[in-house]
Amino acid sequence: MAEMVNITIDGKSIQAEKGKNLMQVAKENGIFIPSLCYYEHIEPPLGTCRVCTCKMNGKYNPACTEKVSEGLVVEVNTSELTDTRKALVEMMFAEGNHICPACEKSGNCDLQHMGYELGVSSTRFQHLFKDRLIDFNPQRMVMEHNRCIKCLRCVVEVKTSDGKKVFNYQERGNETFVGIDYEQEAKLTKEQALNAMHICPTGAIIVRGESLAAPFGDRKFDMESVQKDYNKKKTTHKNRPPVMGKKIVATVSLAGCFGCHMSLLDIDEDLLDVVELISFDKSPLTDFKEFTSRCHIGIIEGGVCNSENVETLRKFREHCDILVSLGECSVWGGLPSMRNSIPLSECLEEAYLNSATSEPGANIIPYHEDLPKILDRVYACNEIVKIDYYIPGCPPDANHIWKAVKNILWGEEYSILYSEFKYD
Amino acid sequence: MPAETVQQLVESGQTQMLNQLWELQLKNGFINDDDIKKIAEQFNLSTIEVEGVVSFYHFFHRKPTGKYTIYLNNSIIADIKGFKRIKETFERETGAVFGSVDRTGTFGLFLTPCIGLSDQEPSALINFYPFTNLNAIRVKDIINALNNGATPESICDAPADNIRYTPPGEKSIFFKKFEDGKALTHAEKLGADGVIEALKKTELAGRGGAYFPTWKKWKAAKEQTTTPKFVVCNADEGEPGTFKDRVLISTQATSMIEGMMICGYTIGAEYGIIYLRGEYRWLKPKLDEAIDDYRKKGLLGKDCGNIKGFHFDIRVQMGAGSYVCGEETALLESLEGKRGEPRTKWFFPVEKGYLQLPTVINNVETFCAAARILEMGAEQYMQMGIPGSPGTKLISVSGDCKFPGIYEIEWGMTVAELLELCEADDPYYIQVSGPSGECISIKEKYRRISMLDLLARKDIRCGGSFMIFNKQRDLVKVLLNFSEFFKSESCGICTPCRAGNFIIQRKLERLDNGLANEKDLEELKSWGTIMKNTSRCGLGKTATNSLIFSMEKFTDYFRGKLDKEYNGLNLKFDMEEATEDYEKYKI
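Read top to bottom, the protein sequences are chains A and B. Quick note on numbering: the first sequence equals residues 1 to 424 in our numbering. Quick note on numbering: the second sequence equals residues 1 to 587 in our numbering.
These aren't lab readings, by the way, just hints derived from the structure by calculation. Keep in mind that this is a model prediction, so the values were computed, not measured. Take the hints with a grain of salt, since some may be wrong.
DSBU-like cross-link-like pairs, simulated, lysine-lysine; straight-line CA separation at most 35 Å [said to hold, decoys possible]:
hint, chain 1, residue 1, chain 2, residue 2
1, A, Lys247, A, Lys67
2, A, Lys190, B, Lys338
3, B, Lys445, B, Lys519
4, B, Lys87, B, Lys541
5, B, Lys216, A, Lys12
6, B, Lys525, B, Lys445
7, B, Lys352, A, Lys27
8, A, Lys159, B, Lys345
9, A, Lys386, B, Lys507
Covered stretches of chain B, going by a simulated chain A footprint (3 or more residues, C-beta under 8 Å) [what the hints assert, rightly or not]:
hint, segment
10, 45-51
11, 344-351
12, 494-506
13, 531-544
14, 570-577
Think of the CB as a built atom: it goes at the ideal place given N, C-alpha and C, for glycine as much as any other residue.
With the rest of the complex left out, here is chain A (with noise of 0.2 Å):
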């Protein structure tokens, strides 16, 4: 029988077996610490991702690395590390090119579900729009290095039968990146490249004619939050003075798809709740070209691409008390941002003059006074205007758009289920 020791865990007293890890005491004890690098049976943990970071003693440090002793004080839940931890996750899909929607581990990605369980809307960081490639080198999988967290678990894990390593980091500091050995990927059998592809915490590891795909509400983080009081957390916005009369609302769609205003029609009966209480300004919906009064809320879909965009998005600030993004292209680029980390020269001649439907000297790149200029690149509207709130998905969920858009103009309590918060 092992020595057990008393330790405290958010005040709450627990007896554990010494030396036992720490993240494993506490989900035994349905104590929820986020995290995408711990794997149980690796040893020494791998210690990467550091988004399981709690307080020991007064000390930040990460649980995965910590082993129980006696009187061993954690503290899990406080806003600073819960925002700490918030900012991790944050900074992976910042320092990454998570595009959800063209993800296929998209609803079975740990990341993902990371991002939904601590409720990021929006990252604080710009995103950096790094170049990385696709390596679709190897003979049985395809590295996707836009989507790698660099957790470590496919280079310790992953061997040949042989025990000859199949991944390995490359270089060092931003430039870093998993590397994958062509010869021993080709000696792995199906179940040990099928192994790679399910321990990814992400959608970087892709094995060639499997698919991940699941109808939606099938896959593993679709419906249920590991934290049993989800839902039961509810959002209110602080008191805003209560309007009189009808709101008014204005919504445009920048560099998007509309897709985002198809969705907020899906609100189905609420439909007339709405025409009974808000009234349309500048919208694609009532088709008025200019603002023809101040408005309590601005519904932006799509990012920023053009000089348009810019002007549409800074009259907006101007006209409206409140800004909201809507989707993840106005959140932070989104589909469009694809282009990105490709010089704007690249893009616009694949476009327009290499394309395999274009004659060859026939075409121009279109160039007029009066056509919007595009931008260096996709810009996230936080980066030009301040934006008060952030809906992410791709489209967002119509009962999530309507319940934020109730509880701005009329500060009514609200929470959003976890099958609603989606970035696909």
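Given chain A's structure and the hints, the job is docking chain B onto it.
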């Protein structure tokens, strides 16, 4: 374990990989794919692992680096001493651009962070031989001489030691004559427990900058039952602005060697390794000579110094260009021939260090001090310094002052006194202990330099360097230089350091361009704190120190950098810059 077996253990397997890679790099100027395959086969590794190691160290290249490989230092001290001009001159004279080799394959130009010659900047390494106090004419002459067939070895400089100050009246601890073997004999008289007692009494603490009590470390290692044990000397001083270890190795190598031996004697280790940073390759012959000399005198080898049953030997391991390898667990990884990634704190090095065996790692200065304490006796040592912080400290002074160099000060000296000694030129901003340390404003010049309570914020605990900047230097430019340094020197294993340093740099660029507002400053502070609390090793934990401190201490300066027209809603956005690319298509 018999000494031969220990010898075999440290000279076999992957531990030798770095040395082999060095040989190839020096022989061919780069490491080619075939060699990587051969090495992988030899050590039974996959090629990707060897490639991972090669790409980690910036002195290892996968492409030819020219007959003459020139590394120019781009640290902030070099920058204020005319780095840009030297850089241009090198490019003009060699016809190569930095980061590449000229067409004839003669000259390869590369930038490298601080090469430990901050007292004689601008400086460069050519085929790892030092060239100091460069100016445009000197660079021209050097390139001409090389073109005319001179070897870098024959025309390189012998960097001056620049020991500017030692406590008056024969009170120097580090730089007086060292009598070989005396300290060891004293150690034997005291016995292992006596040595630990002496270190405890003199309060010797890790001089690399962490100030962990040395006696605790040695005691913990002594108590380990696993054998063999190891003594490792950390001579990887990569902190920009620090060069005290360079001067110690150059002038006092024997006291360092004997310090390691005393440690070996105390903890029961038979083997010591000196991890010398790649930038100091030119010091290696000197160091090897000192070790050989000790062997000849019977001080190293079997029954060292006639102590029956005490066998001890030392070898030198060259690093290959990586700042993070100064972190003790990263250094261990590197010694084992791997990528220098810091380990988690799952085990301490004294439990499982080098090759997972008990290991003591100390800085050069710590070993030198330990030897001196044993040599002169604890009582005499304690007569120097102040209560609670006895002894002296070496400080590397550089930047805007008349006499850059090494200052051996008694603990307790004030910043003002030190600035006076080096004749600082209108000092305004002083970076203590390098970019990862603390920055102080001239208003704090009456603070003492000691090892005392850091939290009280009365005294300054210094890892070993003072970089002095005058009022003309732009603080944001200094911080940007630091942030670029940390960004590229991070090992990349943990998120906050790898991504955080990149993110902080972007934000600082915004500040430098006048596009930032007050919220940006708040964010910088809060993000810096997050990195501090969550990073895996000291690099990430301290990377934002100077940023956070400077924002607290130079509030007026930072306020002056802000976008003054910010109305709280519209952010500054440079439309002209953003549409510049598209304007090229104007018809």
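The hints, checked one at a time:
1. Of the supplied pair hints, the one linking Lys247/A and Lys67/A is violated, its CA atoms being roughly 56 Å apart against a limit of 35 Å.
2. Taking the CA atoms of Lys190/A and Lys338/B, the gap is near 29 Å; set against the 35 Å cutoff, the hint holds.
3. Note on Lys445/B and Lys519/B: the hinted pairing holds, with a Cα-Cα distance of about 31 Å set against a maximum of 35 Å.
4. This hinted pair checks out: Lys87/B and Lys541/B have alpha carbons roughly 32 Å apart, not beyond 35 Å.
5. Only pairs whose Cα atoms come within 35 Å are accepted, and Lys216/B paired with Lys12/A is accepted, the gap being roughly 34 Å.
6. Between Lys525/B and Lys445/B, the direct Cα distance comes to roughly 25 Å. Compliance with the 35 Å bound is thereby established for this hinted pair.
7. For the proposed pair Lys352/B and Lys27/A, the alpha carbon gap of about 28 Å is at most 35 Å, so the pair holds.
8. A threshold of 35 Å between alpha carbons decides the hint, and for Lys159/A with Lys345/B the separation of about 25 Å falls inside it, so the pair holds.
9. For a cut-off of 35 Å, the pair hint linking Lys386/A to Lys507/B stands: about 17 Å separates their Cα positions.
10. With 6 residues having a Cβ less than 8 Å from any Cβ of chain A, the segment 45-51 of chain B passes the three-residue criterion, so the hint holds.
11. Counting residues of the segment 344-351 of chain B whose CB lies closer than 8 Å to any CB of chain A gives 4, which reaches the minimum of 3, so the coverage claim holds.
12. Counting residues of the segment 494-506 of chain B whose C-beta lies closer than 8 Å to any C-beta of chain A gives 10; at least three are required, and the coverage claim holds.
13. Closer than 8 Å: that is the beta-carbon criterion, and the segment 531-544 of chain B has 4 residues meeting it against chain A, so the requirement of 3 holds.
14. Residues of the segment 570-577 of chain B with a Cβ under 8 Å from some Cβ of chain A number 5, which satisfies the need for three, so the listed coverage holds.
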